[in-house]
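Undergrad: Listed below are the residues making up each chain.
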Amino acid sequence: MATDTFAAVGSLRWIGIAILVVALALLPFAISDYHTFQFTQAISYAIVLLGLNILTGYNGQISLGHGAFYAVGAYTAAILMDRFGVPYWATLPIAGLVCFGFGFLFGLPALRLQGHYLALATFALAVATPQLLKYKKIEGWTGGVQGIVIIKPDAPFGLPLSQDRWLYLFTLAVALVMFLLAWNILRGRVGRALIALRDQPIAAEAMGVHGAFFKSTAFGVSALYTGVGGALGAIAVQFVAPDSFTTFLSISFVVGIVVGGLASISGAIWGALFIQFVPNVADQISKAAPWAIYGAVLLLCMYSMPLGVAGLLRSTVRRLRVRRPRSVT
Amino acid sequence: MPALLEVSDLCAGYGAADVLDRIAFTVEEGGVTAVLGANGAGKTTLLRAVCGLIRRRGKVRFGTEAIETRATEDIVRLGLAHAPDGRGTFLQLTTEENLRVGALTRRDRAGVAEDMAKVYRYFPRLKERRQQQAGTLSGGEQQMLAIARALMLRPRLLVLDEPSFGLAPLVVQDIFSIMRTVNREDRVSILLVEQNAKLALDLADRAYLLETGRVIRGGPVAEIRDDETVRRSYLGY
Amino acid sequence: MDAFLHQLFSGVATGGIYASVALALVMIYQATHHINFAQGEMAMFSTYLAWTLIAAGAPYWIAFVLTVGISFVLGVVIERVLIRPMAHAPVLSVVIVFIGLLVILNSLAGWIFSYTIKSFPSPFDGVIPGNAFMSPHELGIIGVTLVVLALLYGFFRFTSLGLAMRAAALNPVSSRLAGIRVGRMLGLGWGLAAAVGAVAGMMVAPVIYLDPNMMAGVLLYAFAGALLGGIDNPIGAVIGGFVVGVVENLVGTYLIGTELKLTVALVLIIGVLVFRPAGLMGKVVVIRV
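Protein chains in written order, with my numbering: chain A, 1 to 329; chain B, 1 to 237; chain C, 1 to 289.
In short, the hints are calculated from the structure, not lab data. It is possible that part of the hints are untrue.
Unchecked claim - Derived lysine to any residue pairs resembling SDA-like cross-links, with alpha carbons at most 20 angstroms apart:
{"id": "1", "chain 1": "A", "residue 1": "136", "chain 2": "C", "residue 2": "263"}
{"id": "2", "chain 1": "B", "residue 1": "127", "chain 2": "B", "residue 2": "94"}
{"id": "3", "chain 1": "A", "residue 1": "137", "chain 2": "C", "residue 2": "112"}
{"id": "4", "chain 1": "B", "residue 1": "118", "chain 2": "B", "residue 2": "100"}
{"id": "5", "chain 1": "A", "residue 1": "137", "chain 2": "C", "residue 2": "256"}
{"id": "6", "chain 1": "A", "residue 1": "287", "chain 2": "C", "residue 2": "267"}
{"id": "7", "chain 1": "B", "residue 1": "198", "chain 2": "B", "residue 2": "169"}
{"id": "8", "chain 1": "A", "residue 1": "136", "chain 2": "C", "residue 2": "112"}
Computed from a predicted model, the values in this text were never measured in an experiment.
Make the full structure from the sequences, and use the hints.
TA: Right under this line is the structure:
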C-alpha cells in the first residue's frame, strides 16, 4: 500500500498504466451504449472513492456522509445546466469548488471531532440529506421531490460518437486528470503530512504540520473530488432526485474504499467497479441482495484484517521477526 | 507446611519482549512476602503476571492449583485478591458500591455483611464516605478503598502493589499497621511489592530483590536485612 | 393552547422512544466506547419479529415478551460473534463493522419481509375520558417507556448483576481483578440494549409504520438525545431523549415545518458535538497530550 504511493514508479509501471489508459479509451467501442453508460458511472464513482480515500484512508477522518457531497455536486451541475444553461463541462469546476466550500466548512467543526464522533456527525448528514433536498423553499432550484431532468450532451466538433461513448471518454479524461493530481499530491509532502496526522497526530503537530489547516483542507479536497464525481454522475444519469442520495449511497462509498483498500489510489478503481457492477448482478436475485453482499463484504474485509491492511502488513512483519529468536531458544 | 504461592521460571512481558526473566519466589501460608526493587525493575509486571493480566509462561502454583494458564477471573475466584497499582478504583461508583464489587463473586450474604463491617472498622474514614463517589476520595482514602475492596473477597492471598505510593507518612503507617492486623488476625497471606524497603521488611517474613526483571537475592527477611547490597541500596545505612 | 399541549404531550411520547434508543446507545457506549450505528436496524428487525409472531396469531403481549427475549439473545450473539473480535481494532474498523451490521440487518429484513410498508398494531386503544391531549397509544408509549426505564434503573442500581455490569463497563481490568467475567457482562449489555431497542421499535411502529428503513430517523434523534445528555450518562441520555422529542415536535409544528425535522437532529448533533462534546450532563474527559 505504501509502496503503491511512495516508491518510485518505474518506467515499466508507466508503460502498464499507458496500456491500461488506451484499453480504457477503446473499451466503449467494444461494448453497447448501455454498458458504456455503466462504465461512465463507475469512473465517476472512482473519482468519488479517490476523494473519500484522501479523507478516510490517508487522513483517517471517517466520513459516512459523502453521499451529501455527491448530491451537492450532482445538483450543482443539474441546476447550472437546467436553470442557467451552463454547458456540462463548465459545471464540473463549479461543482468541485462549491463542494470544496461545503467540505471545508463541514471540516471546520469536524476538526474537533475524532473517530466515532465524526462518523456520527457525517452519518447524521447522510440521513438528513434527502429531506434537505426536498425542502420546499429551495424547490425553485432543486425541483423538490421531482428532481431535475437534464439533457445528455452530444459529442462536440461533429465527432461521430454516440452520446454515451462521448460522455464516457469525457469522464475518463476528467478522471485521468483527477487521478494524476491526487497522485501528485499524495506521494509528496502533503501526503506524508496527511498520513502523519492520521497515525501520530500529536507528533505531527509538534513537527510543524498545521493540523487544523490540513485536516479541513483534506475535507475540502475530498468533497471537491466527490462533487466532481457527483456532477459527472448526474450528467451521465441525466437526472437528479432527492431519493437517489440516501444514507445507502454514502454507505456504498464506504464499501467501495474498504473493498478497494484504504489509503490506496488504485483501490478507488477496484472499489468503483465493485459498487457499480456487483449490485447490477445481485439485483437479479433480489432487491435486497446487493446490500446483503455489501454488508457481508464489509464484515469479511474487517475480520480478515481487523487492523486494516496496514495492520495486516505490520503483524506479518512482526511474526516473521519474532519467530527467528524463538526457534533459537 | 507447603507454600501458598509458589512461582518458578516465570517469564512475562508485554508485546513480544519479556520483562521478567525466570523469576522464582514463594509466599508462605500465613506469611508476608515483600518484593523490593527500584522503578522499572518489573515489580508491577510481576504481580500482573501472577494474576494472569499479561502474557506469561513458567510455573505458578496457588494452593493446590496450577494457575499459570488460568484467566484472571478464575485466579481471583480461587481467593487471590489484587489491589493494583493506580489502585483500580471504580471512580464513578460510590465507596460502598466499590466494596460490593469486591465481594461480587461471593454467595454468602452474611459473610459479606460481616466483612463489610470489618473493613469499615479497619478504615473508619471509608465508612464516613460510604455514599460518596469514589472519585472524590483523597489518594490515601483510595488506597484504603483498594485494600478494603480486595479484602471483601475474603482472600487467602492479598496482593498489593506499592501501597505506600504517593501517600503521606502518617497514612502509610496507618495502612501498614492494618495490613499487619489483616495478616495476623484474619490469617490472610500477603504479597506486596514496595519501594519503601524499611516498611516492607518490617512487615514481611520473606523478601526478594528484583533488578531489571531478575531476582538477585531472596530468602527470609533476617538474611536479606543483613545483606550488604540491600542495606546500602535500599535501607541507606 | 390545546393544540400546543397536544404537541407537547405527543413530543413526550416520541421522546420516550428516543430516550429508550438513546439509553441503549449509552449502554453500549459505556461498555465498549463504541457508537452502535446498527442500533436502529436491530430494533427494526426485532419489530419485524414481533410482527411475524402477531401475524402467526400470537396475542400482542405474548408476542411482545417473546420479541424482547429473542432480541436479547440476538444482542448477546451479535456481541459475541461480531463485536468481540474487534475489541482491539482501530475505530475505523469498528465503525465499518457496525455499518456492515446495519446493512445486513436492513437487507435481511427487506429480503425476508419485503420493502412494502406494513401497519403494526398498538395494544392501546379505546378512548381515555377527559383527555384531549393524548391518544391512547401515546399514553401507552409513555407508560411502557417509564416501566422499562424504572426496571433498568432498579436492575443497575440494586442488583449484584447490575453492579457487575456497571463495574465491567467502567473499569474492565479492575473488574477482572474482582473476579467479574467482563466478556459475559459486555454480552449481557448488548442483550439488554437490543431488548430495550426492541421495545422502542414495537412502540414506534404503530406511529411510523413498519418498513426496513423505519428507524433511521428515530436513530438520529436518539443520537441527538444521547449526545445532548452526555453519551456516557444514562440518566442524561434519557432526559436528552425526552427533550429532543419535545423540541422536534414543537419546532416542527411552529417554526420550520415537518419537512426539515431530520435537519433539526443534524443541527443538534453537530451543535452539541462542537460546542458541548460532553453533553449537557456528561463529564468532560480531558485527553492529555
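Undergrad: Mind listing which of the numbered hints don't hold for this structure, in increasing order?
TA: 3, 6, 8
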